[in-house]
Amino acid sequence: MAEPLLQVRDLEVGFATAQGEARAVRGLGFELEAGQTLGIVGESGSGKSQTALALLGLQARQARIGGSVRFEGRELLGLGEREWNKVRGNRIGLVFQDPMTSLNPYLSIGAQMAEVLVQHRGLGQAAALAECARMLDAVRIADAAARLRQYPHEFSGGMRQRVLIASALLCRPSLLIADEPTTALDVTVQAEILALLRQLQEDLGLALLLISHDLDVVAEVCERVLVMYAGRAVESGAAARLLTAPRHPYTAGLLASRPRLDAPLGEPLRPIPGQPPDPARLPSGCAFRPRCPAALPVCASEVPALRTLEAGRACACHAPLPG
Amino acid sequence: MLNHAFKRLLGAVPTLLLLITLAFFLMRAAPGGPFDRERALPPQIEAALQADYHLDQPLWRQYLGYLGGLAHGDLGPSFQYTGFSVAELIASGAPVSFRLGASAMILAVLLGGLLGCLAALRRNSAFDRALMALAMLGISVPNYVVAPLLILLFAICLGWLPAGGWSSHGIGDAGLPVLALALPQIAVIARLMRASMIETLSANFIRTARAKGLPMHLIVWRHALRPAALPVLSYLGPAAAGIVTGSVVIEQVFGIPGIGRYFVQAALNRDYTLVLGVVIFYGALIILFNFLVDLLYGTLDPRMRLG
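From first to last, the protein sequence lines are chains A and B.
Just so you know, we're using our numbering here: the first sequence kicks off at 821 and counts up by one.
Just so you know, we're using our numbering here: the second sequence kicks off at 21 and counts up by one.
Okay, chain A solo, but in the shape it has when bound (with noise of 0.2 Å):
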C-alpha cells in the first residue's frame, strides 16, 4: 500500500519550564490521504495549535519536538531552514486563527500575496499578480484587480480570512492546515467560510487538516475526527459515528456540553466538571481520569493505550462507552 500523504507518528513538543518539561503534545500520532479531510478537536491548552505549529516546523525556538512527521514521501522533522522554506507556503498551507492581525498592516494585500508566488514559483511581479488575482476570485472576492492594490485595513474579518486561505493556496499545496480560522469570526461570517474551505477541497484536490474548538464546526466539514486531551489522542473515527455514538468519556462530555437550541428554555449547560490539568503537572495513568465519571482503580496507574475498537475507529480509555 502506497504511503499516506501525512504520517505522524509519535509526535513529541515540550517546553522547559520551573516546574519542569511541560509536555504539549504526547505521542500524537495520525494520518491523512492526499484529498481526505481530518479535524482535530480539543479544548484549549490541548496541544493542537502546538501540533499545526510542529508539522511546519514553526514552533518556538525554546521547543523540543520528537517522533516523526512524513510528508510526501519525506520526513520533515529535523530538516534544515532553507529545506523547511521549500514546504512551508509551497508544499503545505497554512490558515491561522486570528485574521485581524495575521495580515501585515504596512503592506498591500497584493504584495503580502504575490511574494509567495515570486518565492516559490519564480514568477515575476505581474504575472505573479494577476495569478492572486485568479485565487482571490476562487475565493469570491469580487473586482479583484482593484482589491490587491488594498491594504488590510480596508477589509472585514471574513474577507481578511479569505484572502489569507487564498494565499495559502496560492502554489497549489497538497495540504492545507486550517487552525481555528472561523475562531474569530462571527457566525454567518463562520459558516461562509466553512462552506469555502469545503468546496475548494473538493475542487483543487487538496487534503485539509482543520483544527478547532468546536465540534459542529469539525463536523460540518471533515470526514474524519480526532479529539485530543492533554496532548494525546483519546478518540478518532468517522465525524458521523464519533458524534453520535462517542466511545471516550472525555468526547461524550464535550457533546454534552454543547449548548443546544432545542433544549428546553432554562435547562443549565452540562460543563465537563474541573480543569484541564497542567501540562507540566499531569496526572498519574489517563490524563482525564480527575475529571472523568467513570474513572475505574486502573485509570490512576495504566495510561490507556489507543486501542482500535472497530474498523477506523481508536479509543484510548480502559473503560470505553458501549458504541
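It is worth saying that the hints were derived from the structure and are not from the lab.
Relax, there's no trap hidden among the hints.
Distance condition first, Cα-Cα at most 20 Å in a straight line; then the derived SDA-like pairs of lysine to any residue:
1) A:906 - A:893
2) A:906 - B:227
3) A:906 - B:240
4) A:906 - A:892
5) B:27 - B:313
6) A:906 - B:236
7) A:906 - A:895
8) A:906 - A:991
9) B:27 - B:312
10) A:906 - A:940
11) A:906 - B:226
12) A:906 - A:992
13) A:906 - A:879
14) A:906 - A:825
15) A:906 - B:242
Covered stretches of chain A, as calculated for chain B (at least 3 residues, CB under 8 Å):
16) 903-910
17) 936-944
For glycine and all other residues, C-beta sits at the position ideal for the given N, C-alpha and C.
Following the hints, complete the assembly by docking chain B onto the known chain A.
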C-alpha cells in the same frame, strides 16, 4: 493632508513665542551685561552704548521692540561682534553645524538601526548582551567625557584622525566630532530598535510570513523593518534636540566654527541678541524637524494616510 500640515505649523507659533519670551527674560535675569569689563567704562560712553542698543529703555519696551523686529525677520545686531548682525553670524555658522549635525543624525540612524536589528535577531546571545551593555554606557556617559576620550584614542594614541579643526570639504577631520556627537544617539536608537524589532517579530503577521516559506532575511526586510522603525522615527525629534545641544559642546571641544560655538561665547559675553537668535534658530529647527517626522509617519503607515 495639506490642511493638517498647515494646522500643525500654525500650532508651532505659540510654542516658539513661549520659547522666545522665556529666553529673553531668563537672559536678562542673569547678572552682568554685555558691556561689563574688568575695567569700568567711563559713564558717558556706557550711557551712549546703552542708548545705542536700547538697553536704557524699560524691559517690557525692549521685549516688544525685539518682537517687532523679529516680525520683520530682524534678529538685531550682535553686541560683541561689532558690525555684524545676528542673522549674518548664524548664516556663517549654520552650514558647518548643519553638516556636522546631519552627518551625526544619519550615522546614528543607520548604525543604531543596524545594531539594534542584529541584537534583536540574535536575542540573548553574547553579541546582544555586549551591545546592550555598551549602549547603556553610551547613554550614561556625557559627550564632554566621550569627546576627549575619542581624541585621546584616535588622534593621539593611534594617530588616525586629526584632533580638531575643520575644513569645508574634508572627511577626516569630521570623523571624530561626528562620532562623538552620534554615539549617545546610536546607543538610544540601538536599544529602541532592538526592543521594537523583538516585539514586531512576535506579531501574528510575521508568523504568517514564516508559514509562507519566506527566508528570515526577507521577512525582516519586507515585513518587520517598517513597523519596527516607527518608534525610532518618533524618537528622531528628541534625537535632533540631543544633537543640537550636543553640538554646542562638541564644536567647542573640537574647535569647529559652527553656531554652537557662538552660542557658548554669546552666553558668556551676555550677547543678548546673539543668544536669542541662536535659541530661536535651534527652536525653529527642532519644531520643523518634528513636523517632518510627523509627515513621514503618514507615508510609512498606510492607516494614517486618510483623514
